[in-house]
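Enquirer: Residue numbers (our numbering), protein chains in the order written: chain A, 1 to 250; chain B, 1 to 802.
Careful, some of the hints might be misleading.
Here are some chain A residues the structure puts well away from chain B; computed CB gaps all over 12 Å [said to hold, decoys possible]:
1) E53
2) F113
3) M132
4) L228
Just some of the chain A residues that point at chain B, by a computed CB distance under 8 Å [to be verified]:
5) I78
6) R105
7) R107
8) Q117
9) T121
10) L122
11) L129
12) L130
13) A131
14) D133
15) P139
16) G155
17) A157
18) L167
19) F206
None of these hints come from the bench; they were simulated from the model.
Ideal Cβ positions, reconstructed from N, Cα and C, are used throughout, including at glycine.
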Amino acid sequence: MLEFKENPNKKGREDNRGVKPASHLVGLRDVVKTYHSSAGIFTALKGVDLQVESGAFVSIIGKSGSGKSTLINIITGIDRPTSGEVVIDGTAVHDLNEEEIAVWRGRSVGVIFQFFQLLPTLTAVENILLAMDYGGYYPRTERPDQAMHLLELVGMADHAHHLPSALSGGQQQCVAIARALANNPVLLTADEPTGNLDSKSTEMVFRLFENLANSGKAILMVTHDNELAERAQRTIRIVDGRIQDEFVNR
Amino acid sequence: MFRARWYKVFNDLFGNKTRTLLIVLSMSVGLFALGIILSARTILSEGLAESFAAITPSSGTVRTIELFDEDFIQSIRSMKDVQEADARRNISARVQTASGEWKNITIFVVADYDDIRVNKVASQSGPWPPPEREVLIERAALSVIEAQVGDVVLVKFPNDVERKIRIAGTAYDPAQLPAQIDGTPYGYITFDTLNWFGESYGFNELHVLATHPEDKAWAQQVVNRVKDKAEKSGYTIPLSMTAEPGQLPMNDVLQGILLLMGMLGILSLFLSIFLVVNTVSALLTQQQRQIGVMKAVGGSTLQILGMYLVMVLAYGVLALLIAIPFGVVGARGLSNALAGFFNFDIYSMDLPPQTFLIQIAIGLVLPVLASLVPFLSSLRISAAEAMSSYSIGRGRFGKNWIDQLLSGANIWFMRNLSIRSILLSVRNTFRNKGRLTLTLITLTLGSATFISVFNVRDSLSHTVDDMIKWFNCDIMLTFDRTYLADKVEFSALTVPGVTQTDVWIQLPTRLIRSDDSESGMIYMFAPTVHPESLIVSPTIAEGRWLMPDDDNAVVVPSAFLQDEPELHLGGDIVLKLDGKEHTFKIVGTYVGMAILPLVYTNYEYITQITNRIGEADALMVKMERHDPAYVDAATRALEDHFEQIGVRVSMVSTINNERTEAEASFDAIVALLLVMAILLALVGGLGLMGTMSINVLERTREIGVLRAIGAPNRGVASVFILEGIVIGLMSWAMGAVLAIPISQGLNQALGQAVMGVPLSYSYSIQGLWTWLVVVILLSVLASFIPARNASRLTVREVLAYE
Ligand SMILES: Nc1ncnc2c1ncn2[C@@H]1O[C@H](COP(=O)(O)OP(=O)(O)O)[C@@H](O)[C@H]1O
Ligand SMILES: [Mg+2]
């Protein structure tokens with residue numbers, strides 16, 4: 001069973017600024033994203049409104065090029081909206097500068113990539129510890145234990161001291177998920193986390209997400225796979241930069 | 001396809017400005033270093049040769065005790081093998097500096113300043129020729145006598161005439177050792193001015209140019225013939241020397257520096273090649289996937305290749321546009337500084353075209369070749385493979401023992417410390433071992449040279465200490481001729497503070513070989529030898545030092561035995577003294593230093609065989625106290641005292657002064673070496689910067705990951721800066737070891753050039769720590785710019801859209 005040790009003084013959440021009445025964990029209002037490239041101007045998001053409650057497991061589907069990644073990148077602060085508001089856990093992300101976003105993201109959002117993106121010269125546990133060092137959520141002395149605890153959580157404790165190159169894709173993604181949890185974030189985002197995995201690994205990774213969702217983590221996941229998407233509590237379909245429709249699966 | 005292709009080239013080049021900047025910068029760094037060194041080396045060696053040719057350098061110099069006149073010069077000029085000859089008066093005078101201290105100065109008197117035929121002196125500033133009752137000072141010597149043009153200085157001639165004389169201007173005399181190096185300033189006056197000092201007309205120094213000056217053996221023969229002729233004409237010759245053909249006095253040291261620069265040049269050539277190859281291959285690795293994509297959409301191999309070559313050439317052109325102009329400015333600056341130090345003029349700042357050609361070849365041709373290799377291997381990858389190769393980095397980390405050691409699993413304390421980012425840096429350092437090796441080579445050479453320069457400085461002062469140790473006295477006085485030893489010793493003892501005196505005699509001598517040929521001038525140095533003698537033994541290499549009851553025993557420099565194969569320890573040596581041959585026995589050799597070879601023998605014996613019993617021409621004085629102020633006061637008192645009793649002192653040196661002078665002249669050389677070391681360190685630092693830039697390029701994706709997991713700017717930058725420091729520290733440790741042989745080599749070369757023997761070796765701990773601080777600063781600086789660029793990358797740039 002999944003359990004997270006709560007840090008009593010909740011260091012790291014206190015210096016959030018632009019605090020607004022946080023009715024929702026994720027609140028997007030009329031978000032527009034326009035790209036200016038050599039090929040011309042392209043509007044990838046055309047006024048998106050979205051609310052996600054804490055603890056919700058939301059999947060995002062849509063055709064390639066519909067704006068899924070753009071949406072998720074705007075939520076994690078990796079990309080900035082051209083206009084509109086992005087408020088996550090009471091923080092107005094669109095108001096922060098690049099440096100503040102990086103620090104905020106390290107503490108509040110766990111980002112999971114399609115291609116795992118573990119640092120190749122650090123072992124599994126060191127990858128997690130590095131994220132803990134940056135986020136600083138757990139006290140220094142507790143970090144090694146917490147990191148091992150997270151690896152147990154994702155079933156990778158045996159591989160704690162292996163370099164990523166010694167792990168399979170599925171195993172790397174599990175470690176990456178553990179790393180995303182390094183600072184006990186309120187929100188996990190994953191852009192096609194199983195896009196590069198075989199079906200067995202896909203099942204293993206998706207189970208992890210379900211377990212995390214059951215234990216109360218909010219999760220936003222982009223996927224191509226409609227069957228997987230339906231296993232989330234709620235599915236959002238994006239068409240041409242707009243939220244076309246939403247389903248509640250359960 | 002065509003238009004899209006060129007569009008992509010353009011986009012690759014300028015679409016990512018940070019990357020373009022990093023690539024161009026790291027390529028131009030190497031090309032710049034190469035340009036500055038190749039050009040400066042050529043400018044300097046040409047300038048040196050031209051300067052030297054312009055003064056019509058003599059093949060040799062012959063000095064006489066008695067003065068000679070124009071007729072004698074004419075008779076020398078008419079000699080068959082003499083191409084040209086000229087003469088001067090050379091006077092060892094004393095000059096009082098602004099601080100009241102007396103220094104030696106050599107005054108030259110030339111008959112016609114507008115018709116100097118050999119070893120030409122030229123006007124530098126002020127009137128020409130020197131006005132009556134005024135003096136011109138050699139341009140490099142003003143600082144030595146602490147004076148400026150227009151100042152009036154007090155000059156004292158050996159005949160005790162003192163005159164206040166105005167410095168009217170400066171002269172340029174590259175045939176002399178630069179004054180700041182040997183500590184002797186030079187002044188130039190006319191015969192009218194000489195007359196004002198109470199000296200009569202006449203010359204005592206002949207400069208001879210042989211018919212084939214480039215042939216040293218021939219030049220030596222001609223100089224010997226001139227010397228013989230002078231001797232036959234009744235002149236006493238205390239000194240005759242042959243110059244190295246076509247060389248300025250400091251040529252050996254300058255050649256050493258040019259050699260060092262040549263090494264630097266090869267090093268920077270190597271560096272620039274490696275930077276260019278590294279950059280291009282890093283770039284292509286990054287582009288591998290795109291190459292795959294292009295193949296997939298049907299780009300032909302040739303089309304893709306051509307496209308990349310154009311891109312690589314464009315980088316090369318940009319790098320050359322930066323490197324060439326900066327290289328030119330740098331080379332001119334460096335040449336000027338060095339020429340100033342060695343006191344010669346550079347007539348032409350024309351740059352050698354081959355420098356540009358080499359730079360262009362390396363900047364354009366090499367990148368093309370360099371890109372072929374990784375390119376061809378990347379072409380073998382199928383489109384599908386290339387596109388799926390998503391693993392981050394190219395780290396071959398994890399394969400060998402270094403990696404095993406560095407993997408934290410077996411280092412227990414690493415689990416409890418929050419040093420993951422340090423670990424990351426340390427391990428990243430070893431990821432590309434080829435690049436690391438090349439970076440380390442350049443930086444280690446810089447480190448080693450820097451530490452070596454400190455070692456050489458330490459060795460120099462040790463050597464001075466060793467040299468000074470031979471003299472157990474405070475003051476040495478040399479007289480204009482021999483006087484009764486008892487008289488000078490007793491009267492010296494009447495001066496307050498004098499505790500002990502000793503006399504010696506010094507004579508010019510020549511070695512007579514078994515085939516009757518003669519060696520060049522050798523100084524015979526005959527001190528009184530007894531247990532409390534004020535001159536103690538030099539460091540004996542083999543055999544023993546002189547004993548009080550020795551008669552014909554001599555101690556010779558050990559190098560002497562190598563130069564003269566007939567001589568050996570315990571064997572005989574025939575020396576010619578006052579025109580008569582005497583046989584001596586070699587009882588020992590010493591590790592000594594002397595610009596002229598110096599042989600030691602017993603005072604008593606020499607005075608007997610030369611009919612000088614009871615006479616001496618030099619006096620050593622030991623004082624009650626040894627501090628400079630006290631000794632200087634006593635020196636003045638001694639000089640006054642001897643003047644009263646009619647003993648003429650021609651030269652005074654105090655041990656304190658000898659030491660400061662020796663150290664001052666070494667300091668100048670050390671400063672110069674330090675400049676070279678700093679240059680080398682800079683090249684190493686620039687190499688490190690290039691490497692770090694490439695690392696940043698290659699790891700942009702990882703930088704994105706760091707950002708995504710919450711690394712602040714500081715965190716990203718510190719990963720790279722730490723890596724730079726790790727490399728710096730490694731080069732420091734390796735440089736510390738490499739400095740041992742390098743300093744030995746430098747000691748050997750410098751010692752030989754300046755003093756005729758290697759310096760006493762010493763390793764400078766201070767240099768080691770100084771360099772540690774410098775190398776850390778250098779590493780931080782070198783990785784700072786790439787690291788800052790890294791921290792500026794936003795996650796989206798590197799991750800979100802690939
Ligand atoms: N940096 C960018 N510059 C220009 N166009 C972009 C950029 N990023 C995304 N786009 C465009 O925005 C659209 C949405 O992209 P994305 O969000 O990645 O789609 P999805 O993830 O749904 O496949 C695409 O048509 C893409 O071409
Ligand atoms: Mg996408």
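Enquirer: What are the numbers of the hints that this structure violates, sorted from low to high?
Expert: Those not satisfied are hints 2, 3, 15, 16, 17, 18, 19.
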